[in-house]
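Chain by chain, the residues run as shown.
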Amino acid sequence: MNSLILRMVAGRLVVALVTLLIVAVVIFFATALLPGDVVQILLGQAATPEAVKGLRTAMHLDQPAALRFLLWLKNLATGDLGVSYVNNIPVAELIGNRLGNSLKLAAVTAAISVPVALTLGVTAAILRGTLVDRMIAVFTIAVISVPEFLVATLAVIVFAVTLGWLPALSMTGDVTTISGLLKAFAMPVITLSFVISAQMIRMSRAAVIETLNAPYVEMALLKGASRRRMVLRHALPNALGPIVNAVALSLSYLLGGVIIVETIFNYPGIAKLMLDAVSTRDLPLIQGCAMIFCLAYLLLITIADIVTIVSNPRLRHA
Amino acid sequence: MSDTMANWTPGDDAMVENAIRRGADRRELLRMMLAGGVALSAGGAILGRAGAALAAEPVKGGHLKIAGFAASTADTLDPAKASNATDYTRCCALYNRLTFINGAGLVTMELAESVESTDAKTWTVTLRKGVTFHDGKSLTAKDVVFSLKRHLDPATGSKVATLAKQFAEVTATDDRTVTITLAAANADLPTILGLHHFMIVADGTTDFSKGNGTGAFVLKEFKPGVRSVMARNDNYFKKGPYFDTFEYFAIADEPARLNAVLSGDIHVGANLNPRSLRVIEGNPSIAPFISKLGSYGNFILRLDMAPGDKAGVAEGFKYLVNRPVIQKSVLRGLAEIANDQPIPSWSPYYNAELKQREFDPERAKSLFQKAGILGPEIRVTVSDAASSSADYAAVLQQAGGKIGLNLVIDRVPADGYWSNYWLKEAFHAGNINARPTPDIMFSLFYQSNAPWNESRYKSPKFDAMLLEARGLLDLSKRKQIYGEMQAMVANEAGTVIPVFQSNLDGVSPKLKGLVANPLGGMMGYTLPEYTWFGA
Chain A
1 MNSLILRMVA GRLVVALVTL LIVAVVIFFA TALLPGDVVQ ILLGQAATPE
51 AVKGLRTAMH LDQPAALRFL LWLKNLATGD LGVSYVNNIP VAELIGNRLG
101 NSLKLAAVTA AISVPVALTL GVTAAILRGT LVDRMIAVFT IAVISVPEFL
151 VATLAVIVFA VTLGWLPALS MTGDVTTISG LLKAFAMPVI TLSFVISAQM
201 IRMSRAAVIE TLNAPYVEMA LLKGASRRRM VLRHALPNAL GPIVNAVALS
251 LSYLLGGVII VETIFNYPGI AKLMLDAVST RDLPLIQGCA MIFCLAYLLL
301 ITIADIVTIV SNPRLRHA
Chain B
1 MSDTMANWTP GDDAMVENAI RRGADRRELL RMMLAGGVAL SAGGAILGRA
51 GAALAAEPVK GGHLKIAGFA ASTADTLDPA KASNATDYTR CCALYNRLTF
101 INGAGLVTME LAESVESTDA KTWTVTLRKG VTFHDGKSLT AKDVVFSLKR
151 HLDPATGSKV ATLAKQFAEV TATDDRTVTI TLAAANADLP TILGLHHFMI
201 VADGTTDFSK GNGTGAFVLK EFKPGVRSVM ARNDNYFKKG PYFDTFEYFA
251 IADEPARLNA VLSGDIHVGA NLNPRSLRVI EGNPSIAPFI SKLGSYGNFI
301 LRLDMAPGDK AGVAEGFKYL VNRPVIQKSV LRGLAEIAND QPIPSWSPYY
351 NAELKQREFD PERAKSLFQK AGILGPEIRV TVSDAASSSA DYAAVLQQAG
401 GKIGLNLVID RVPADGYWSN YWLKEAFHAG NINARPTPDI MFSLFYQSNA
451 PWNESRYKSP KFDAMLLEAR GLLDLSKRKQ IYGEMQAMVA NEAGTVIPVF
501 QSNLDGVSPK LKGLVANPLG GMMGYTLPEY TWFGA
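Note that the protein sequences, when read in sequence, are chains A and B. Residue numbers for the first sequence follow the working numbering, so the first one is 1 and each next one is one higher. Residue numbers for the second sequence follow the working numbering, so the first one is 1 and each next one is one higher.
If we strip away everything but chain A, and leave its shape as in the complex, we get (with noise of 0.2 Å):
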C-alpha cells in the first residue's frame, strides 16, 4: 500500500512540475493579450507616448516577452519569485504576508464547516425521504442559490449596524483576545461556511445514499447489523471518495475565489491580490499567485486522491 501511495506521488510531483510549467506559459502570454501594460496602468491617464516610453525604458519592460519570461524562468529555478512591477517589493513578501491571512481563514471554515456539511450530509442519506431531508435539502438548495455577497452584506447589516455586536471589518492585525478573534472571524467564516458547506453537504448526501443502496448493504442489514453500523462502518468507508473530492474542490475555493468575501470585510487575502496584480498587470506578482493557486489545488487533490487510496482496500490492491 505504501508503495503504491508513493508511485502515485510521485507521478503525481512530475505533471505538477509540468502543469505549473503550462500555466506560467499560459498566464505569461494571456496577460500580454490584455489590454495596456503595466506602465500605461501605472500613468493611466498622464500617459503620453513619451512617459510610457520613459518609463518602460526605466522599468525594462522594453526587452523582448519572450526573453523576460525566459529571465523569469530562470529566477523561479533558484526559488526567487521576483519583485512586484508597481511596488518594487518582493513578490514572496507581498504573498507571504497574504498567504498566511488566506490559510487562517481557510483553516477556521474548513474547520467549522466540513464536520456541519458531512453530518448533515450523512444524516439526510441516512433519513432519506423524511421532514429532516427535506429541511436540510430546501436550506441547502436556498444557500447555493443565494450570491454570497447578499449573505455577507446582510450578515452586515443586521450583525454590526443594527445588533452591533460584531465589527463590520475584518481587521485581525489588531486583534490581540481571543474574543476579539472569534468576533473578527465570525462573519467571513459564516459566509463562506454557507458558500462551501451546501455543495459538500448535497455530495455526501448523494454518495451515502448510492453506496445504502448497494447489494453489501442490504446483506449487512439482513445480518442483523445495528442502523448505525451499517452506516458508518459498510456504506461510509465506500462512498469516502466522491466525499473527499468535493470537500477537496470547495477547499481550494477557499484560497483563491474568496474575493467577495475579502473585499467586502476588508479582509487582506491573496485573492485580493490577485486581483489587483491582474488589475495593474503586475506580471511577477500575477505569476507568483498563479503558481500558488495551482499548487494548491494540485495538493488537494492528491491528498483526496491518498485518502481516498487508503480508505478502500479494494484500491490498494490495485
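Straight-line Cα separation of at most 25 Å, BS3-like style, residue types lysine-lysine; simulated pairs:
id, chain 1, residue 1, chain 2, residue 2
1, B, Lys402, B, Lys328
2, B, Lys149, A, Lys53
3, B, Lys292, B, Lys479
4, B, Lys121, B, Lys149
5, B, Lys355, B, Lys365
6, A, Lys183, B, Lys223
7, B, Lys458, B, Lys165
8, B, Lys137, B, Lys239
9, B, Lys223, A, Lys104
10, B, Lys477, B, Lys355
11, B, Lys510, B, Lys292
12, A, Lys53, B, Lys165
13, B, Lys461, B, Lys310
14, A, Lys53, B, Lys424
15, B, Lys238, B, Lys142
These are calculated hints, taken from the structure and not from any lab test.
Dock chain B against chain A, hints included.
Structure of chain B alone, referenced to chain A:
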C-alpha cells in the same frame, strides 16, 4: 423653543455649519431654512448649535480611521506617482506643498513664506524657517529643487510631467531661496505648486516607502493594498494635528464602506454613491460631507469624425441633454448644472454672463435634421470607468428617441477604457477631474495641440488667448479673457458637459472642523490634519 423638527438631520446641521464657514450671514441662513420649511424659532436653535460647533476649540487625541474606495498593490507614498484618493490622503498627511489651495479656492502659503515674481516668468520662492523632515533633517532649498526637478525625469513616472515641462530652470539661490525660471510666463505658478503631486520630499530620496516628509503625521506602518498607520508629528510647524494616530485603508465595496461608518467601525467612508444619501439622511450615526468639485463626466463628439464633423451636431447634443434630470435623478442632487464649459461657478474666473443652455429637444431636432443624422444608428461608447456615463447616455437616448434620433449605447469594460477608447472613439464618454486653474483646464483639454484635446477642437484664436492670459499678473484682465474662452468652448468645442459632480463622504458626527475644499473630497484629502473628535 423647540429644536426638534421633522426632516432636519445632523447632515443639515453640518451643511449650515459649512455655510457659516463660507461666510453666509444669519439672515441669509434663516432665509435658506425658511425656504426649506423650518420654523423661525427652530431655525434659531439650529444656528445656535452650528455656532457652538464653530466656536469649539480643537481637542487632541483619538485614533482616526478612514476607509477609501480603492487600495491595491499600486498604492504609493511617492507624491509624483500618486493617482487616487488613497495616495493623495496618505501623501497629504505625510508631506507638505509649497503653497496650499484653501476651501475658498484661494492660494495660501504652506512651506513657502512667499512665491513672488514681477514678470510671471522668473519666480522667487522663499522657504519658511524651522521646518524639519520626520527624520530630523531641516528643510532647505535643495529639497525643493530635487522635488520639482524629479518630475522631468521619465523614470520617475510622474503624473504631472506635462505641467512640470515648463520648469526651464530650478536653482537654489541660498539655503532658503529657490529660483524657478519658466519656459514662458505663467501667472498661475503659485496655484500649480499647490497641486498634490508637487509635494516636497527630502533631497535624494529614492525609497518612498518610509514617507519621510515634513507633514502632520509620521509613518508607522505601510503595506500597499492593505493599510497605513501614522502617528502625530509632535515637531509639526503648524498648529495641529489633533489625532494621536491615523489609520487609512480601503473598502472597495460601497455598501460595506457605508455600513462600516454606520456601525462605528470607521469615522470616514470616502466617495459614497449619491444613492446612499437617502440612507445617510435621517440616520444619527452618520453625517454627509458634501464637497462641490469642478470634476465632471462629459460626452465627447470628435469634430474630425462622423457624426461630430457635421455642423450643428455637437450643438444639437448640447441642447438634447436634459441637465436637471441628470442632476436630480442620476446624481440625486449631488451635482451643479454645467454649461458645456469646464469652469465651475465657484471659480473666481467663472463667466456668469454666459447664457445657460436649456433642454430644447425641438432645437436639437432641427439641428440634427439639417445635419441629416436622424434615422441611422448613432453609437455612443460608455463605460463604468467614466462614472455614471451609462446613466447619462440613457437620459440622452430617451430624449433622442422622442425626436427620431436612433442612439445606440455601447457599454465597454472599465478595464483599459482610458487607453483604448477615451480620445479614440467618434462619440464617447469621458471623466475629467477638476484642475484648480482655467489655464490648466484649457491647456490640457482644449488647446489645439494638447494630447488630451478630447474633441480635437482647433482654434488659433483660442490658443493665442490662452498664451496671453497665462502671462498676465492682472486678475481682472485674465478674468475677461478666460470668460471669453469659456464662451468659445461652450459654443464651438465638441464636448457636452451636463453637470459638475459633487463628492459625498459619509462621516461620523463626532468629527469636527470639516470644511469642503475644491481640490477633492475629504477636504481636498487633508481631513486628518485639520479635524478632531468633538465631545
